[in-house]
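J.: Okay, here's what each chain looks like letter by letter:
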Amino acid sequence: MSIPSQRLGRPPEVPAPTSRSRAAAKEERVAYLFLLPWFAGLFFFLAIPLVYSLYISMTDKRLISRGRENFIGLDNYVYMFTQDGFFYHSLYITMKWIVLSTPLFLTGGLLISLLLNQKYFGMNVFRTILYIPAVVSGVAVAVLWLQLLNPELGAVNYVLTTLGVDNPPYWLEDPKWAMPAVVLMGLWGVGGTAIIYLAGLQNIPPHLYEAATIDGAGAWGKFRCVTLPMLSPTIFFLVLNAVIDALLIFGPLFVLTAGGTGGVGGPDNSLLFYMLYLYRVAFVQGFMGYGTALAWILTIIGVLMVFVMMKLERRFVFYESED
Amino acid sequence: MAQRAEERKIRAPRFPRLPRLLHAAFVYGLLILASLFILLPVGWMLTAALKPDTAPVFTFPPEWFPTEHWNWQTFREALVEERFIRYTANSAFLVIMNVVGVVLSSSLIAFPFARLRFRGKNVLFTFLIATMLLPAPVLLIPQFLLFYRIGWYGTYYPLWVPAFAGNAFFIFLMRQYMRSIPIELDEAARVDGAGYWTIYWRIIMPLCVPVLTVAAVFQFMWTWNDFFGPLIYLDDPEKFTVALALATMVQRVGTEWNEVMAANLIVMLPVLIVYFFAQDKLIGGIANVGLKG
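Chains as they are written, first to last, in my numbering: chain S, 1023 to 1345; chain A, 19 to 311.
It is worth saying that the hints were derived from the structure and are not from the lab. Keep in mind that the hints are not guaranteed to be accurate.
Derived list of chain S stretches under chain A, where covered just means 3 residues or more per stretch with a C-beta under 8 Å from a C-beta of chain A [to be verified]:
1. 1061-1074
2. 1096-1107
3. 1164-1175
4. 1191-1204
Positions of the beta carbon are idealized from the N, C-alpha and C atoms, including for glycine.
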């Protein structure tokens, strides 16, 4: 007894699985097997924390809590924007750092890379030396500079005194000079920027310079009309990196300020970068919920800044392949 | 002759036209100045480290290079009394776990993206790229709380287990590299009866040594230099890593600064050694990121 409709619904002939499709199925199975550690990581270290993060940013979760945390909706965010002076202050400090340091590091790095790009003997020795600060740990660099910047016995103030400065600054102990002190320390690592520029410089096709020479361009003309436009993608990358780094910088500043008079954040909180404030809130004071809310706002700020820069990129960055 | 002159004109731009000798002097002068800016502080640090406890560690005017004191004893004190031998071993353990974990898992994950056909490949790969853009701070506190809840606070687990889930950036690098290897190799191996695992382990991995090295060197430096992770997860000084121990040492009142400087040099040394040997790979890797980023 058969039901016709059922027989009709069946495809005329089910193709027997060929060895080819079986092989494809196996390939797929193997592929997913290889991806297993990634999936596990995504689940445990990304998906769960991400969802949990959204939740706790809306609670009053403490590190050491007597009971369960309370759900408080958007109160953390409201407090942040309406009452938390430190939030605005740390943002201001971070932005001040970006504005002060980025042009200096980018110009310094460019200058060094132009020097390193000259075809002379021994350039790789200079390259090796100049790149040293970029590989050692930020903490170690900060420990060194903590002493170099010592107002009484530091080498920096000795050099300044020899150069005729009567009252050299108190650097990390002075709210006004703490930021310049960190900029100076950052300048020590400018070789890291220079190396990236150097790669950009070495990728500029020589025929462009030939053409410019034929057109009668001088050294400055070539720099302005060939080097700079050809380097603009590199510069864009470096600016993007500088901004992201500024939002995330932590270790060196922790070392420079934690032992000082002002505690984490420096004298008068003059070095209270965003991540330092986040650390203070979450891990020193123990406000995990509020700290997570701060992290979300940091992310949004970061995404917005990257977005704005991507928009500006079309205006200022030249890509050779576009023409 | 005329051709020579022509050739000489066609060159990357120099700084404003100076006679050749002056130009060389200018370039070398500035580079030597910049190098001194890097090296003098290092020399100053070494001088301080070589001071005996009886001599003033920092003097005015400063001593840029060790001349008078050669007290290598300070390094022994930093290693033994200040226990930097222990911290170095701790950091080395984390470095090994992280390097092995990240290189194995990233290459494992990169392999199907580069060489196998499966449904959802493009979507998953796009997703992988997207995770590279995800900011760490958002995950920081929830990860901390979760690790805290499962009892991983105060242990090394939070500092190395995640490495075994791969690193998106390395997966991307390795996938690019694996794609450049001719696919005929896989096909030939298949004809000879090799399975996918054999192809991955015996054929692809040996050919990927250059990119694996780049990943290993980067991971070594990141783990060795990492500060935030150890700072929030470790509470027992026995377990401290070099960076954390150094930061703690500086904050302690009454620290001997010659020992701090010796410890600082000890912390810098392994990274510098790796840097000198892997320079070209490292800089090549960074440059590629810079160009393609």
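J.: Can the region 1191-1204 of chain S be counted as covered by chain A under the rule of three residues or more with Cβ-Cβ separation shorter than 8 Å?
T.: n = 0 at 8 Å, threshold three: violated.
J.: Quick one: see if chain A covers the region 1061-1074 of chain S, three-plus residues with Cβ-Cβ under 8 Å.
T.: That given contact holds, which follows from 10 residues of the region 1061-1074 of chain S lying within Cβ reach (below 8 Å) of chain A.
J.: Please check whether the region 1164-1175 of chain S has three or more residues whose CB lies within less than 8 Å of a CB on chain A.
T.: holds (count 9)
J.: Do at least three Cβ atoms from the region 1096-1107 of chain S come closer than 8 Å to Cβ atoms of chain A?
T.: violated (count 0)
The structure is inconsistent with the numbered hints 2, 4, although it conforms to all the rest.
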